[in-house]
Amino acid sequence: MSLLHIAIVLPFIAAVFIPFLFKGFRNIHTGWFVLLVPLALFIYFIQYLPVTSGGQTVSKTFEWIPSLGINFNAHVDGLGLLFALLITGIGSLVVLYSIYYLAKEKEALHNFYVYLLMFMGAMLGVVLSDNLIVLYMFWEFTSISSFLLIGYWYDKERSRYGAQKSMLITVFGGLSMLGGIVLLYIMSGTFSIQELIGMSGSLMQDPMFIPAMLLILLGAFTKSAQFPFHVWLPDAMEAPTPVSAYLHSATMVKAGIYLVARMSPVFAESGIWLWLVAGFGLFTLFWGSFNAVKQTDLKGILAFSTISQLGLIMSLLGLGAAALHFDQLDENIYMGATIAAVFHLINHATFKGSLFMVAGIVDHETGTRDIRNLGGLVNLMPITFTIALIGTFSMAGLPPFNGFLSKEMFLLATLEILEFNLFSMDTWGILFPVIAWIASVFTFIYSIMLLFKTFLGKLQLDKLPKKPHEAPIGMLISPIVLGALVVVFGFFPNLLSKSMIKPAVEAILPSLVESGQEVYVNIYFWHGFTPELFMTLGIVLFGTLLYATLGKWQGIYNRIPEQFTINGVYDRGLEKGESGSFRLTEGVMTGYMRTYLLYIFGFFVAILLSTLVVRDAFSIDTSNLAEIRIYEVILAVVMLASAITILFAKSRLTSIVALGAVGYSVALFFVFFRAPDLALTQLVIETVSVALFLLCFYHLPEISRKEERMGFRLGNAVISILVGVTITLIAISAYSNSSVFESISQYHIDNVYKLAAGGNMVNVILVDFRGFDTLFEICVLGIAALGIYAMVHFRGVRRQKG
Amino acid sequence: MKKPNDVILQTVTTVISFIIILFSINLFFAGHYTPGGGFIGGLMTAAALVLLLLAYDVKTLNKVLPFNYQVMTAAGLLIAVLTSAGALLFNEPFLTHAYDYFDLPLLGKTSLHTAVLFDTGVYLVVIGITMTIIQTIGESE
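Chains as they are written, first to last, in the numbering used here: chain A, 1 to 802; chain B, 1001 to 1141.
Looking at chain B on its own, in the form it has when it is part of the complex (with noise of 0.2 Å):
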């Protein structure tokens, strides 16, 4: 399709869109406590690319962020599904979650938890299905 010079969005989104991924994962792991998590931060991960998209195009977006998004999803299931059974092996039901408190550098008491680890596979297949679907139908355009 004709794509129109639109100088004024497609200088915007490049720092638009740089925040957004930012705050996503902000967002992301910021989910356990409030508002947020790997399914909205990957969804709003996804809608910063789909800006990049239609301000770009498939192609520069692909040069720009080179990821095989089929395999992104197939990562985070094989994450997900992973981390799910980690559970057995210390013979706890399949999915039981672990947590703690450490004291880490910089960031002072941080509690450490295991559906993070769960949720980064949710992140990553939302990102990766999203960018699937409308890659795929961009493309066969």
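Chain A on its own, in the form it takes in the complex (with noise of 0.2 Å):
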């Protein structure tokens, strides 16, 4: 395990730590220990810059099931780097944020930071491993993280249906990511991703490379809130800022992202990827922009900004695929739009992670985040106001801020697609300007209203539930760093043009690198009266020309019935699916032993005897059987003579004794045969099962067998008579079949004494060679006493309630 392993795992090492630290320093906020780690981690991740900005990686191998071709490989590329530094250093600013959001009289705040933690560790493993089952798992462990910090407020009932909704779609997408995950791994043999970017040639031909395809991207489509799987995240809003801001916008979201922009390698150079990606994305950006402007929560504004802005990067990733079918590294526009991907992707997680911040102290100082009641808050809050205005145009694209740049980056990127001549993009593709620019005319009016309607105006101040002023420095230290950051990069975009944004489009498009040379990032701040800054100014134009008469087409949002929103299918599928499952079950489980039985042998029969017959496994064997003793004969008789007399017993307790004679009569078969030990334990059980079954059964009811239908008793003859058919067919296979397998008795018989030094040779199996089997044994005959105990005792206390 070497040390970037160890950086992994820290989160959840620290998580361990935390409960006991909350009880211990009651009078210092526990945030200020859980600082330390995304702290540390950062300042370590930031060591790599030098080496994946000079085109190199680094593996890392922890065997984990080498078997099974499961390892824990840490893999530190451009791109992984990229996201374990938004994911450490954005996870510090949310920590001190967090430390004066959450107030630590108040708050379960062990629970927070556990939860919080061990979402960092896990984004930290899906981004950092290169194998592909490792990823799934950590992939996994976001989602029930993120799961238990959306409901972190549970009593109330908006977090866990958010909550619910998160983990349901979520979860949905990762179980068929899984899917994909082995169709990949049946494809070609391997889970590593380094490994299967060097065959992607070869899988294409595979016809289950679209399946897997398919299924790899519902599972990023998911996670990354993409059209029609977006409904969770506005529900996910119900998390306390802190987690909004860090989850749902700088990380857990682009984790669909980073696994698109990772798989882009292996999947990108169909065609398909490229439609349905980059359609997929545009889409989003659409639905996110157009249903942002309607919301009247800061919050919900900001979650379908989210999404819109995920879809833009998203569908930047699907158009940077054009740049494969194209060698020349040096004339490759279409790498354009990888970069502006990789550029956006930064942008979004500062701009937004401080808008976030923004909503969440004015949620904090007034109380509300509802911008009906909000307005001409700038007096009061003057540096949170420009905390705000610096995200907000960011976010819209104006100038001078890094939203900008990237901004314009795309809409050259969606004019450029234009040229390309494959997969019919050269005609459809004019869909992609077009969707781009109305997109944009959305955000930017959303993201107007988002700064006018809280901050300027006119301030209500019966309205609001709290006298509202500025937010204590603490709290303004993390969106001021985040809103410098957005001017920084404004400004000097190259400040990470060569340090990161070069190393990460280098890994999401590794073969246009291969032959030593190196992707050419150069993002100019004023770059001419192009096509794509008349689009900007035309955006400019026609958004302020909206947002000013918002009041005469906001009724389109109400055109849309209810019933037709996805929320509205995913509510009924949800109601539709509880019911389902609750008659499916009432109906199967009835509660009666004789039906479960039914079900079991029912279910033995059909699979035992189709397997004789499909395996034509049956056959019939007599030259090795051993004469037949009178006293054998004299047994199987009164065998079946007590089998007989329990189906026509009136009592129950005469057919416990009929068993027990069964039961003795096959104790006797084993001292014919030479099995004291099996004779020995059949005895004993045999006298204490009877012992207690008599205890049971004298205060039970006769038994009134005139009741049960002739149809039912039919049935069971036939289930009965079948498992007995099938048990002797495959009795006498299994004897007359014997030379297909070996007998394993020799071993034992060899080995007993050597190996365990024992004499008993069952007892030897118990515990020695089959010990496991044994332990697991006595784990589950304990669970069952204590389950009976239970049973039998919560029914007397209920009874007394009762």
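Please keep in mind that the hints were generated in silico from the structure rather than gathered at the bench.
On a predicted model such as this, the values are computed, not experimentally measured, just so you know.
Treat the hints loosely; a few may be bogus.
What the hints assert, rightly or not - Heads up, simulated SDA-like pairs for lysine to any residue below, C-alpha to C-alpha not over 20 Å straight-line: (1) A/Lys754 with B/Ser1111; (2) A/Lys754 with B/Tyr1101; (3) B/Lys1059 with A/Leu695; (4) A/Lys156 with A/Asn111; (5) A/Lys754 with B/Leu1112; (6) A/Lys458 with A/Asp363; (7) B/Lys1059 with A/His793; (8) B/Lys1109 with A/Tyr753; (9) B/Lys1109 with A/Gly759; (10) A/Lys754 with B/Pro1035; (11) A/Lys754 with B/Tyr1033; (12) B/Lys1063 with B/Gln1010; (13) B/Lys1059 with A/Cys696; (14) A/Lys467 with A/Ala103; (15) B/Lys1059 with A/Val792.
If you follow the hints, you should be able to join the two separate chains into one complex; please do so.
In structure tokens form, the structure reads like this:
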């Protein structure tokens, strides 16, 4: 285990200590201890920057399940490092912010920080694992920890609803992703992403290539809240604001982006990938920005804005795949899309992170997030206003902030795709710039709305639950840092280009940089009077116009009937699913032992008999049989007689005694066949169980067989005869086919004394050779006994209460 | 339930059950070389206790043998797990057993085996669960 592995699991290790720190140091906010973790990790990961910007990667292996090809291989390249820095960097700021946001006296901080650290570790694992199974494991860890974080205020009904929704949707995607991973493994025989990248050419020929791609994309789309799976993200806003800032803007929702970027070298050469990723991304961009305008909750606007921005990055990654169809690196204009994707990813993390924190501050200081009640806060909260101004302008794509630059690059990429003459992109591709432009207009509107309706206009003090004032300085540090980054990256975009963007792009499109070339990233602040600049001007013009006339056209949002919305579909699906499975369970679980036995035996017969037939395994070989002795005949007759007695017994006690007779006869058979151990066991068990049954059944009423219908009894007869026939057939076949497998008994005879110094083979097998069996068996027995104890006693308790 | 005043059964049981328990302990220790072992030994002890139960009743048995059988089950499980895990201390895989021969007073040359410790766990669990089940059901009537 290398230092890198320890760095990845460090948050998990730290999480163990959080509850003790919370209990032990009541007067220090637990967040201060937690803050050390992401800070240390951030400093640690910074060290890799020179490595990756030099085009190198670092791989560390830790064997986990080598026999299945599942190893915890940590792989640091440009893309992974970029994400690792985002996770730890934004993580530090968010923890710092949360210290002021969550009061240590009122909140269950130990829960909060344990979940947060779990999430941080899981996220690091996702972006730094080379093995797909390990990646999947961490991936689901992010789903679980975000479920816990969204449901942090679990006494609120909306929190539970949002947590469940996010869990159902993202875990559904995760499971389909697992299917994709399995398909990839079947095709290639490896779980390693780096090895898969080398094989992408041959993989494309495989018929399972498309299903694998679709399944993996499903995982990525659900996690990154792409249409139509975006419905979970707005409801996830029930989480505390630091969580929203962290998970739902900067990290977790970007896991899908990461996955698409990471798998691009494997899948992206296919035209379907290009259309799917770019198409879904673009539509999500439009849908998110369109719906953001109708929101009235600050965090609601930001949630839809995040959906739309994630769509933007996703579509850029899709468009960037076009670059793979050209060999020359220098004149490859489609590479610009990938560069823009990485650049916008960073920009989005900065401005959206700060905006979420601003929303949290407004909520914290005024007590509401409803923009209909807010307004005029500019004089009361000047610093917050400044941060909000920077963030929203960057989000709207206005100069001189970093969002402007990446938005221009995005518009340019949608224009350039028109010249791409594959996959009918040159005809249908016209949709890209058009939709992108419309979506950008809406982005402009909601950004302006967010800023103006909160901070400008009339102050409505009577509608605010608290008297607003500027936030404490500690709460402002984090958004100020992020806001400063927005400005710095806006003016000096090339600070990032060589150290972070270039290595990440090289990791996304490795096949283009094979021959020792380097991706040339140079982002200009002023790029001349280009088409995209005029598009931006148009956006500002139309956006302002539409914002001014917002009241006139806002009615169109109410045109969509509730039952046709995706939320409606989800809610009804959940309701129907619940009632349907309840009815199914009611139907199957009757509460009668005999019904369950019917299922068990029916299944048993169906499987075994069909296997016997399909495999043609049935055979009778009489050459090796021993002769039948007279005692055995007598014993068999006794067994048969007592078995038949059970069938016709009128009282339970007679049945039990007859059953005991069968058991004792079997024990005698063991004696005849020289298996004293088995005989002894059987005898004792028979004795104890008969006593037990007598004890229980003494109090039960007489059996009333007449109540049962004839059909039911006939069914029972068929099943029991079939079970008997099956077992007999299997026993005879197993005996006759003894040449297929060599009996294991010889091994035991040889080794019982040698290896375990024992004389009794059965006992040696029980405690030594198959000790695990015994261990778990007694565990099961113990659980069963405690179960009976609990059932009987709780029944008593309930009776007393009732 | 009404208890018949069965003098013969009660008198015989007192003696017999003692013999059965002794025999079951013998079975338990002999298990590694001849028929027997923790499972059978435990069951046979339980059978002796059941016999006592039949002859007397739950209350009398509890007075004579005041064991908490749930605790006994738990203790048995714990012993089984701990003795299996003991091998880990010597850098051996879980559940590896060790044995050797010793010259003991009275018994002479005897083989001692860590498997017996594991079997003790099994023995206790078997008694514990059998008696838990029987007692719970018996008491609830």
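Structure-based check of all given hints:
Distance check on the hinted pair: A/Lys754 and B/Ser1111 sit about 14 Å apart at the alpha-carbon level, within 20 Å; holds. Between A/Lys754 and B/Tyr1101, the direct Cα distance comes to roughly 14 Å. Compliance with the 20 Å bound is thereby established for this hinted pair. Annotation: proposed proximity of B/Lys1059 to A/Leu695 holds, straight-line Cα distance about 15 Å (limit 20 Å). A C-alpha spacing of about 16 Å is found between A/Lys156 and A/Asn111, which places the hinted pair at or below 20 Å, so the restraint holds.
Annotation: proposed proximity of A/Lys754 to B/Leu1112 holds, straight-line Cα distance about 15 Å (limit 20 Å). Between A/Lys458 and A/Asp363 the alpha-carbon distance is near 18 Å, which keeps this suggested pair within the 20 Å criterion. Between B/Lys1059 and A/His793, the direct Cα distance comes to roughly 17 Å. Compliance with the 20 Å bound is thereby established for this hinted pair. The straight-line distance between the Cα atoms of B/Lys1109 and A/Tyr753 is roughly 17 Å, inside the 20 Å bound, and the hint therefore holds.
Proposed proximity of B/Lys1109 and A/Gly759 is supported: the alpha carbons are some 16 Å apart, at most 20 Å. Between A/Lys754 and B/Pro1035 the CA atoms are separated by roughly 19 Å; this keeps the pair inside 20 Å, and the hint holds. Between the alpha carbons of A/Lys754 and B/Tyr1033 the distance comes to roughly 13 Å, so the proposed pair stays at or under 20 Å and holds. Between B/Lys1063 and B/Gln1010, the direct Cα distance comes to roughly 16 Å. Compliance with the 20 Å bound is thereby established for this hinted pair.
Straight-line distance between C-alpha atoms of B/Lys1059 and A/Cys696 comes to about 17 Å, which keeps the hinted pair within the 20 Å bound. For the given pair, A/Lys467 sits about 19 Å from A/Ala103 by alpha-carbon distance, which is consistent with the 20 Å threshold. Pair hint B/Lys1059 plus A/Val792 holds up; C-alpha atoms about 18 Å apart against a cutoff of 20 Å.
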